[in-house]
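Each chain, letter by letter, is given below.
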Amino acid sequence: MNASAEIAVTGIGLVTAAGVGVPDTWRRLCEGTSTAAPDPGLTGLPVPFACRVPAAPVKAAAPGLAWRADPFISFAVAAAREAVTDAGLDQDAWDAPRVAVVIGVGGTTHDHSPATCTAMDKGRFQAIPPTLVPRSAPNMAAGYVGMLLSAQGPTFCTSTACASGATAIGTAALLLRAGMCDIAIAGGSESASPVTSAAFWRMGALSTRTHDPAGASRPFDSERDGFVLGEGAGVLVLERASHARARRARPYALLTGYGATGDAYHATAPHPEGVGAQRAVRAALADAGLSPQDIDHVNAHATSTTLNDRVEARALHGVFGTPPPVTATKSVLGHSLGAAGAIEAAVSALTLRHQLIHPTANLDQPETGIDLDVVTKVPRPQRMRAVATTSFGFGGQNAALVFQGC
Amino acid sequence: MTTSEAPFTEESLKTIVVEQFEIPADRLAEDATLEALGLDSLGLLELLVAIEAQTHKEISTLDLPITPGMPYSEAARVVIQAVADAPVVGAGDLVPE
Chain A
58 MNASAEIAVT
68 GIGLVTAAGV
78 GVPDTWRRLC
88 EGTSTAAPDP
98 GLTGLPVPFA
108 CRVPAAPVKA
118 AAPGLAWRAD
128 PFISFAVAAA
138 REAVTDAGLD
148 QDAWDAPRVA
158 VVIGVGGTTH
168 DHSPATCTAM
178 DKGRFQAIPP
188 TLVPRSAPNM
198 AAGYVGMLLS
208 AQGPTFCTST
218 ACASGATAIG
228 TAALLLRAGM
238 CDIAIAGGSE
248 SASPVTSAAF
258 WRMGALSTRT
268 HDPAGASRPF
278 DSERDGFVLG
288 EGAGVLVLER
298 ASHARARRAR
308 PYALLTGYGA
318 TGDAYHATAP
328 HPEGVGAQRA
338 VRAALADAGL
348 SPQDIDHVNA
358 HATSTTLNDR
368 VEARALHGVF
378 GTPPPVTATK
388 SVLGHSLGAA
398 GAIEAAVSAL
408 TLRHQLIHPT
418 ANLDQPETGI
428 DLDVVTKVPR
438 PQRMRAVATT
448 SFGFGGQNAA
458 LVFQGC
Chain B
6 MTTSEAPFTE
16 ESLKTIVVEQ
26 FEIPADRLAE
36 DATLEALGLD
46 SLGLLELLVA
56 IEAQTHKEIS
66 TLDLPITPGM
76 PYSEAARVVI
86 QAVADAPVVG
96 AGDLVPE
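Chains as they are written, first to last, in the numbering used here: chain A, 58 to 463; chain B, 6 to 102.
No wet-lab data here; the hints were simulated from the structure. Even glycine gets a Cβ: it sits at the ideal position worked out from N, Cα and C. Don't take each hint at face value.
Restraint-style ranges between C-beta atoms, simulated for each label pair [claimed, not checked]:
1) B:Glu-15 <-> A:Asp-178: 32 to 38 Å
2) B:Glu-15 <-> A:Pro-97: 32 to 38 Å
3) B:Asp-45 <-> A:Ala-235: 32 to 38 Å
No farther apart than 27 Å at their CA atoms in a straight line, the calculated lysine-lysine pairs in the DSS-like style are these [said to hold, decoys possible]:
4) A:Lys-179 <-> B:Lys-62
5) B:Lys-62 <-> B:Lys-19
6) B:Lys-19 <-> A:Lys-116
If you want the footprint, here are the derived chain B segments under chain A, 3+ residues with CB under 8 Å [claimed, not checked]:
7) 21-27
8) 41-50
9) 57-63
With the hints as extra help, turn the sequences into a complete structure.
Okay, here's the thing in structure tokens:
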């Protein structure tokens, strides 16, 4: 990619089960302990634990939204505000039509599904909230971020299941390269609900380690039995590096590569050899003009499901031969679906800034055949110039991003 | 909780607006317009739904003489009168369960 089209990450915002704001999440990741805990909202369900975002700080960061918007919208607004402030930008002073908003969301939150289904079933249509559509439609995370932060450029949602956040960030980079905007607020957001939990449990995708929630998300471990439902939002402020330099911003990293592919294989299972995943990583490397040996670290998708981790390990060997050190953010924060790729992109940029890889929680005994150098127990300081992050969604929709130090 | 028997008062409305819509009570005292309080057309509809669920009364929302530009005190008078005039409907018809 030519230098004039380099994209800088100048702001980061995070809302996770570790808290609202980048410092809480980075600290928790470096501690390497899971945020999974019994959740009163899931009492009585087959899987009564999850990695839930604390409600009070979200309410404080995005006040007045709860009555009109589901939590994923509040998460996105809170993370976007943090990212914009972090970037040193002033929403009252910027050229609003040149600011894009791309927020990935995996699906509707189903927060209102039980009440709405009951009302429909009983013909009590008067009980259906007038805000049902605008509070739950996936595009409304980007919509409210645009409204509340005065961003009037291209504003939309990407939806590629668990890759949605990474797809949003990659797509935002393309908008910047194409000159369609000067600044992009890009990320992903998702909130968990009892219906989501029940649905993923029914699919056999969730860990049922109810006796030990904190040990349930254990990517690459021989005792893993599924993912732990998480929620949150990750938002980056992206701009062309020349634009960032002109306003003397100090970027965390450069986003230099984006690859996106489809497995065209199965609704929920990844291709057994991770062919689509490999092509996504190779495409991101080619976009960045890097070869596999240039990558110093991979922030893996690593959901802790039996199939995904095995296929991902295979895919990483396919691309890298001997893969660089790997870590699994979902071991600490759970799997926040459409938000995960964006949260992990943010963590990748922080990893480059701090030159420190956070440990993967709960990896005690790697599964036989998974031969990866996974960082465990304590953070690993390491000289890193380039970091890749992978995201794989249901439907075989894959995205990979490459970040480089600057 | 207010029931269909107890009158729906200014205080009942204030409780809903402050608790459910997170609007600080002092902003109501300032008599800001509904719009300034963050209650746009959708917000007004949600407010009426919340009142219906609490009072078990069906308010005719379509011809309610309220606009987002109206000061809160004036809108409150209109809403309270509309609740007083509204017919009681079967308990539960306005809430899902």
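Structure-based check of each hint:
For Glu-15 (chain B) and Asp-178 (chain A), the Cβ-Cβ distance of about 36 Å falls inside the hinted range of 32 to 38 Å, so the restraint holds. Distance hint check for Glu-15 (chain B) and Pro-97 (chain A): the Cβ-Cβ separation is about 35 Å, which falls inside the suggested range of 32 to 38 Å. Range check, Asp-45 (chain B) to Ala-235 (chain A): Cβ separation about 34 Å, and the 32 to 38 Å hint holds. A C-alpha spacing of about 18 Å is found between Lys-179 (chain A) and Lys-62 (chain B), which places the hinted pair at or below 27 Å, so the restraint holds.
With a CA separation close to 18 Å, the supplied pair Lys-62 (chain B) and Lys-19 (chain B) stays within the 27 Å bound. The suggested pairing of Lys-19 (chain B) with Lys-116 (chain A) holds, with an alpha-carbon distance near 20 Å, which does not exceed 27 Å. Residues of the stretch 21-27 of chain B with a Cβ under 8 Å from some Cβ of chain A number 3, which satisfies the need for three, so the listed coverage holds. Requiring three or more residues with a Cβ within less than 8 Å of a Cβ of chain A, the coverage given for the stretch 41-50 of chain B holds, as 4 such residues are present.
For the stretch 57-63 of chain B, the stated coverage by chain A is satisfied: 3 residues place a CB nearer than 8 Å to a CB of that chain, which reaches the threshold of 3.
Taken one by one, the earlier hints all hold for this structure without exception.
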